[in-house]
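Taking the hints into account, I'd like the entire structure generated from these sequences.
In the order they appear, the protein sequences are chains A and B. Numbering follows the numbering used here, with no gaps: position 37 of the first sequence is 37. Numbering follows the numbering used here, with no gaps: position 12 of the second sequence is 1012.
Hints were generated in silico from the structure; no laboratory data involved. Predicted model only: the values in this text are computed from it and were never measured. For glycine and all other residues, C-beta sits at the position ideal for the given N, C-alpha and C. One or more hints might be untrue.
[To be verified] For lysine-lysine, the following BS3-like pairs were computed, each having C-alpha atoms within a straight-line distance of at most 30 Å:
no., chain 1, residue 1, chain 2, residue 2
1, B, LYS1124, B, LYS1098
2, B, LYS1111, B, LYS1324
3, B, LYS1403, B, LYS1393
4, B, LYS1410, A, LYS36
5, A, LYS36, B, LYS1403
6, A, LYS36, B, LYS1264
7, A, LYS14, B, LYS1393
8, B, LYS1415, B, LYS1023
9, B, LYS1022, A, LYS14
10, B, LYS1004, B, LYS1023
11, A, LYS36, B, LYS1324
12, B, LYS1179, B, LYS1202
13, A, LYS5, B, LYS1186
14, B, LYS1179, B, LYS1442
15, A, LYS36, B, LYS1415
16, A, LYS36, B, LYS1186
17, B, LYS1442, B, LYS1149
18, B, LYS1202, A, LYS36
19, B, LYS1111, B, LYS1264
20, B, LYS1372, B, LYS1022
21, A, LYS53, B, LYS1186
[As the list claims (entries may be wrong)] Stretch by stretch, here's where chain A covers chain B in the computed footprint (C-beta under 8 Å, at least three residues):
no., region
22, 1292-1305
23, 1380-1393
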Amino acid sequence: MQEIKASMAGSVWKIVANVGDSVEEGQDIVILESMKMEIPIAAESAGTVNELKVAEGDFVNEGDVLAIVE
Amino acid sequence: MISKVLIANRGEIAARIIRTCKKMGIATVAVYSEADQQADFVTMADESFLVGPPRVNESYLNIERILEVAMEASADAIHPGYGFLSENEQFAEKCAAKGIIFIGPNSNVIKQMGSKIAARNLMKQAGVPVVPGTDGVVSTAEDALETAKQIGYPIMLKASAGGGGIGMQVVQSDEALAKAFESNSKRALNFFGDGSMFMEKKIDNARHIEIQVLADEHGNSVHLFERECSIQRRNQKVIEEAPSIFISDETRKLMGEAALQAVKTLGYTNAGTIEFLVDEQENFYFLEMNTRIQVEHPVTEEITGVDIVEQQIIIASGNEMTVKQDDLQIDGHAIEVRIYAEDPVTFFPSPGYISHMELPEGEQVRNEIAVKEDYHVTPFYDPMIGKLIVKGKSRNEAINLLKQSLTTYKVEGIKTNLPMLLNIVDHPQFLNGNTTTAFIDKYYLTQRKN
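Okay, structure coming up:
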């Protein structure tokens, strides 16, 4: 199981994967927006998206878990 | 004459506009979001109004609320600064409808210059050189390949609705173009809801050099020479200087004339900047026009002695500007560096708490600053936390003062690009003035990777 974490404070701009999707290593799961920059947060290894912990528009802090990939 | 200005902006530019208003005896009104309650510009203004939550759509881009405050405070003019509503033609129109002066050009010009394709076609009509490329959008990969035959490689593929470098790619061959077209168009559709693309010839070893202009309603217009802004990361400027040591006096004259020709053709008024790409042979090509004050305007102020914000207010009041072309001369050399709250290698933002801060001081050192010690830099706005501007009699003198000033500049608690700036100002290619738009990719990032 891998926890997909926010690398910095910001808001969830777009969620680009659905629960149940199989994703590859490096595939974007969530796009954060911080300081006017869109920052893609990707899966570190291949797996299936098990849970999305945030919704578009949510504010997140650095280290918050965004999604779980099994 | 304008007697009360509302500043529809935040950070260093809000503070800078308030300073000039005070000098002119004009009352000031600040608007701020919940995230900016502790910011200095709020207390500097004569009056200040909370306009909404941190997110820009609910605060600094909230046109109705900002106009409501302007009416309530009886402001007779609004200065939009840069970014936010500064190039929003609807905002300019709505100000006019309420009888409030928008300190900038009319909404029609803002609209024309806001469309990359319309701007390009207007400049062609005005006789200003443009980069060889498409006059309209290219919708399919087949069209793109056909167009490539006329333009010739290398080609810069750009998203029509794009910004911040998204959907932009340089291609060298038909195969690369076909592939890049599909992926960038898809990306642009994802990001901007519009997948249309356009194509331009890629100018090799290009420099980004821009001309500052001022024009009033009485038919007077001047250019305030150039700014060299080639050193960029993520297609955003990092270091700007004036004058450019690359262009000859003859090119400077031609670029100034082209800029004034554009101003006349557009019927432009107030401050504006015409950005050009300049190739190795000093051919210059129109890139875009910014219909507002620029972040890097201080370097022009330092070498000409003109307060650009003051002239903006005089012009917006309907008066004749007090600057004449024949009186303008380049005095010395000025350099600005932008201090960004970001990782100096990955350029990822670094919001957070500033535990300690020290600024360089000196007669020829100017700080424009948005933050302070014991202050939270929030993730809601641009990462630029300040600008450091230095002036010298020569470029070398300015560089030495810049190095010295950067050494004493301290921001602790968050990551900043200060280490990168120190690295650049020591780089032999920067010292030689060999600065192209590829500078950071070519010298700084390559060096970091090794």
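Now for the hints, and whether the structure bears them out:
A hinted pair counts as satisfied when its Cα atoms are at most 30 Å apart, and LYS1124 of chain B with LYS1098 of chain B does not qualify at roughly 35 Å. The suggested pairing of LYS1111 of chain B with LYS1324 of chain B holds, with an alpha-carbon distance near 28 Å, which does not exceed 30 Å. Distance hint between LYS1403 of chain B and LYS1393 of chain B is fulfilled; the C-alpha atoms sit about 16 Å from each other, no more than 30 Å. Distance check on the hinted pair: LYS1410 of chain B and LYS36 of chain A sit about 24 Å apart at the alpha-carbon level, within 30 Å; holds.
At roughly 29 Å between alpha-carbon atoms, LYS36 of chain A and LYS1403 of chain B fall within 30 Å of each other, so this suggested pair holds. With a C-alpha separation of about 35 Å, the suggested pairing of LYS36 of chain A with LYS1264 of chain B is violated against the 30 Å cut-off. Between LYS14 of chain A and LYS1393 of chain B the CA atoms are separated by roughly 50 Å; this puts the pair beyond 30 Å, and the hint is violated. The suggested pairing of LYS1415 of chain B with LYS1023 of chain B is violated, with an alpha-carbon distance near 35 Å, which exceeds 30 Å.
With a CA separation close to 43 Å, the supplied pair LYS1022 of chain B and LYS14 of chain A exceeds the 30 Å bound. Under the criterion of a C-alpha separation no larger than 30 Å, the hint pairing LYS1004 of chain B with LYS1023 of chain B is consistent with the structure, at around 13 Å. Among the hinted pairs, LYS36 of chain A with LYS1324 of chain B is inconsistent with the structure: their alpha-carbon atoms are about 39 Å apart, more than 30 Å. At roughly 18 Å between alpha-carbon atoms, LYS1179 of chain B and LYS1202 of chain B fall within 30 Å of each other, so this suggested pair holds.
With a C-alpha separation of about 26 Å, the suggested pairing of LYS5 of chain A with LYS1186 of chain B holds against the 30 Å cut-off. For the proposed pair LYS1179 of chain B and LYS1442 of chain B, the alpha carbon gap of about 25 Å is at most 30 Å, so the pair holds. At most 30 Å may separate the alpha-carbon atoms for a hinted pair to count; LYS36 of chain A and LYS1415 of chain B meet this at roughly 17 Å. Restraint check for LYS36 of chain A and LYS1186 of chain B: satisfied, since their Cα atoms lie roughly 21 Å apart, inside the 30 Å limit.
The hinted pair formed by LYS1442 of chain B and LYS1149 of chain B meets the criterion: a straight-line CA distance of about 29 Å does not exceed 30 Å. Taken as a hint, the LYS1202 of chain B and LYS36 of chain A pair is honoured in the structure, with Cα atoms around 27 Å apart against an allowance of 30 Å. Proximity of LYS1111 of chain B to LYS1264 of chain B is assessed by CA-CA distance (about 17 Å); at most 30 Å being required, the pair is judged to hold. Simply put, LYS1372 of chain B and LYS1022 of chain B have alpha-carbon atoms about 22 Å apart, close enough for the 30 Å limit, and the pair holds.
Between LYS53 of chain A and LYS1186 of chain B, the direct Cα distance comes to roughly 27 Å. Compliance with the 30 Å bound is thereby established for this hinted pair. Note: the region 1292-1305 of chain B has 0 residues with beta-carbon separation from chain A under 8 Å; the three-residue rule is not met and the coverage is violated. With a threshold of 8 Å between beta carbons, the proposed coverage of the region 1380-1393 of chain B by chain A holds, since 4 of its residues qualify and at least three are required.
Hint check: violations occur at hints 1, 6, 7, 8, 9, 11, 22; the rest are consistent with the structure.
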